[in-house]
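For the record, the sequence lines run as chains A and B.
So for the first sequence, UniProt numbering puts the first residue at 1; every next one is plus one.
So for the second sequence, UniProt numbering puts the first residue at 1; every next one is plus one.
Please keep in mind that the hints were generated in silico from the structure rather than gathered at the bench.
Even glycine gets a Cβ: it sits at the ideal position worked out from N, Cα and C.
Honestly, I wouldn't trust all of these hints.
Said to hold, decoys possible - The calculated label-pair distances, taken between Cβ atoms and stated as ranges, are:
{"hint": "1", "chain 1": "B", "residue 1": "Lys584", "chain 2": "A", "residue 2": "Asp16", "range": "23 to 31 Å"}
{"hint": "2", "chain 1": "A", "residue 1": "Thr146", "chain 2": "B", "residue 2": "Gln325", "range": "44 to 52 Å"}
{"hint": "3", "chain 1": "B", "residue 1": "Thr632", "chain 2": "A", "residue 2": "Asp16", "range": "34 to 42 Å"}
What the hints assert, rightly or not - Per the computed footprint, the stretches of chain B lying under chain A, defined by three or more beta-carbons under 8 Å from a beta-carbon of chain A, are:
{"hint": "4", "region": "564-571"}
{"hint": "5", "region": "598-605"}
{"hint": "6", "region": "647-656"}
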Amino acid sequence: MKEVTSNHQSIIIELDKEEYAIPVEVVGAIERMQHITRVPKTANFVKGVINLRGVVTPIIDLRERFGMESMEQTESTRIIIIHMDKYDVGFIVDAAYDVLDIPEEAIEPAPQVIGTVDADYIGGVAKVDKRLIMLLELEKVLSQETYHAAIPGQEG
Amino acid sequence: MENNEYLEVFIEESKEHIQSLNDQLLVLENEPENMDTVGEIFRSAHTLKGMAATMGFQDLADLTHKMENVLDAVRNDQLKITTDIIDVIFQAVDQLEGMVLDIAEGGDGSSDVQELVNTLQAIESNQGVVSVNELTKETKPESSDQAHFYQFDQFELAIIDQSKENGFENLEVTVKLNENCLLKAARVYMVFEVLEQIGEVIKADPTVQDLEEENFDLQFHVLLVTKDSAEDVKQKILKVSEIEEVIVSTFEQDKNVQANNDENNKVEKESIESKESSQNKNADDSKKKTGKGVTSKTIRVNIDRLDGLMNLFEELVIDRGRLEQISANLKHADLQETVERMSRISGDLQNIILNMRMVPIEQVFNRFPRMVRQLSKDLGKKINLDIIGAETELDRTVIDEIGDPLVHLIRNALDHGIETPEKRQEAGKKEEGDLLLEAYHSGNHVFIEISDDGAGINREKVVNKAISNHVITEEEASQLTDKQVYQLIMSSGFSTADTISDVSGRGVGLDVVKNTIESLGGTITIESEEGKGSLFSIQLPLTLSIISVLLVEVEKEKYAIPLSSIIETAIISKSEILNAHNKKVIDFRGKVVPLIDLKNVFEVPTEKQDDEFYSIVIIRKGDRMAGLVVDTFIGQQEIVLKSLGDYLGDVFAISGATILGDGQVALIVDTNTLIN
């Protein structure tokens, strides 16, 4: 996320009618919805785990992670598989469509509050043509503090 | 370093020789007159010297050479073994070990050996004459009586050579079968059965394979290493029917011995040779253990390759599960038959692969006698170390991890457990403290126990310490059972020593031990009686990746319960459930067993109403039991253990996941956390 290239090639996903960008380098695959095995006593935004070609991969509902209202899955619901240094996870998103080159100069720092999403996860906002695209700060999205804080019934 | 390709072999073998030096020196200390042991030590040192010289590690070679000289003086009765000499040799071995480790870590193995060399030289010259010409020293009586056997490889020579020194007879046995013998191979088999009971067959003419395939006339020869007399052997073989005649004669072999000896010096020059020499070593090893020769040959395999094989096999196990399910659904006879066959074969394959990865725990245990000797000297204590079950086998990955925790526990026992001789006498015990290290299999687990007859654990001390370290509150302390109190000493930042000693005051406590063992999927418990001693018991899984489980269903979710923790399953009617203190319990074979409803534990979304009958899995942890209430039993299955990934970390009562035949993920229940 820290690279200083002039273009940010990103996968654009949709959540609650807004667009977000995930750097293309960390995206391993985009999968259709499939059976998810629920894992008890985990954070409420963790939907469970799936078998991703032999690797057990945790699935996070990004809507719930961002405190949005959860939604019935539709034809366009996708799981974006992310490979980070530390974790392999999948994100449930409303839709994933194109790959977009976001020019460095189009990116502005994140304003304090955007819509319903806490600006903490937003690394910046890009204006491309007439679209407003929010750049996700994945380390923050996956922070262990947030994860542990969201486990029901866990003290401390 | 030009010899890079041999470096790995060199390091491995050097380590083995150093271990053997350590072992034999300990034996020698107890039996200073035992010339066999001196011989063993001499040989190890000699081989090590040859190897080091070939590889160009001059300091290593120098030091071993001087050691060898001292040993030779002992062999030739010019020098008496004393504890002082053994101490010096131990120091030398320590330094050798340091040098080998240095080489293993990429260093050049150089070290200041002058002082030790001088000391060794002094010991040696005190006794005057010593022949320096070691290389040709070891000669054997010669004879030229050879009949059927004159082609030997180095491996066989080593055994023949060795067996003689250990007081075995090398017998040449000629067996002639009855002319109308119908099943020759079967007879041969029976003869071999007999031979195997009385000794070891080193070589057969025709070869064993030919014998099995009946590629021989009526007569065959074997070279047998045994302690029985020729006549006994003959009589025993004649007990097998359809045997015409048995001729047993003493086998003498010669010249080759010399060749064998020289071979040590040019070891490493050819990779084949070095492999053989490692076999020599293996032969030596098991000979020590069993007092017999060795029948099987070994090959050294890189553990990475075995891991690769294991990973591939795990994939296969998953696909096997999938195939089994598909064939069960389709009910196609041919498919079912094929899948069944495949399951059986892959099951056998699984056993072979798992066994290949099994290593005797001896590898870990054998460094302890030396350690205990040194520690008891340092601490001024008298310790008698007993090791039982060193042959118990464990998965290689576990072996690699378990060493350090055991070292820690043994140090702990010596440092805090066993008292000084004076204190022991005051307490009316014998001066010498007993330390017992025991390993054994039980079910799918390996148990390792370390017990001592020392001071035991002082409950009060532990509790006070725990309170002052804010591990527990005073209120909690009064309610703890003894066992729970003992567990406290394994919580982080805890040390019961009043003064921090050099031995165990290293800033790491037993919590590290506990963590390591738990990371291996094992548990550790402590029992203790003040004044009588303590027992640390470690329970470890046999293998880490493939386990047998019972698959169960709770509503629509599937869970896997490890078979190793299941006692049995039962179906009981609602009326059999009793209430005790608001907890549901059942009477299971006269024992009151609490029920745990998996539905509640895992907060499974429920739809169904309570059934009239409950399906119950009785699980245990140590001597405690519990009944898990599930909806249905699906069946027993072999599964591959997979981690849930770092993101989820530790999940309550779940020890991992697996992929089922239908491609879905099922969670593995950690029964240990459910019983508490």
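Hints and how they fare:
For the hinted restraint 23 to 31 Å between lysine 584 of chain B and aspartate 16 of chain A, the CB-CB distance of approximately 45 Å leaves it violated. Take threonine 146 of chain A and glutamine 325 of chain B: their Cβ atoms lie about 38 Å apart, and the range 44 to 52 Å is violated. Our hint of 34 to 42 Å for threonine 632 of chain B and aspartate 16 of chain A holds, since their Cβ atoms are close to 40 Å apart. Counting residues of the region 564-571 of chain B whose C-beta sits closer than 8 Å to any C-beta of chain A gives 0, which falls short of three, so the coverage hint is violated.
Given a C-beta distance limit of less than 8 Å, the hint that chain A covers the region 598-605 of chain B holds, as 4 residues qualify and 3 suffice. Only when three residues or more bring their CB closer than 8 Å to a CB of chain A does the claim for the region 647-656 of chain B stand; here the count is 7, and the claim holds.
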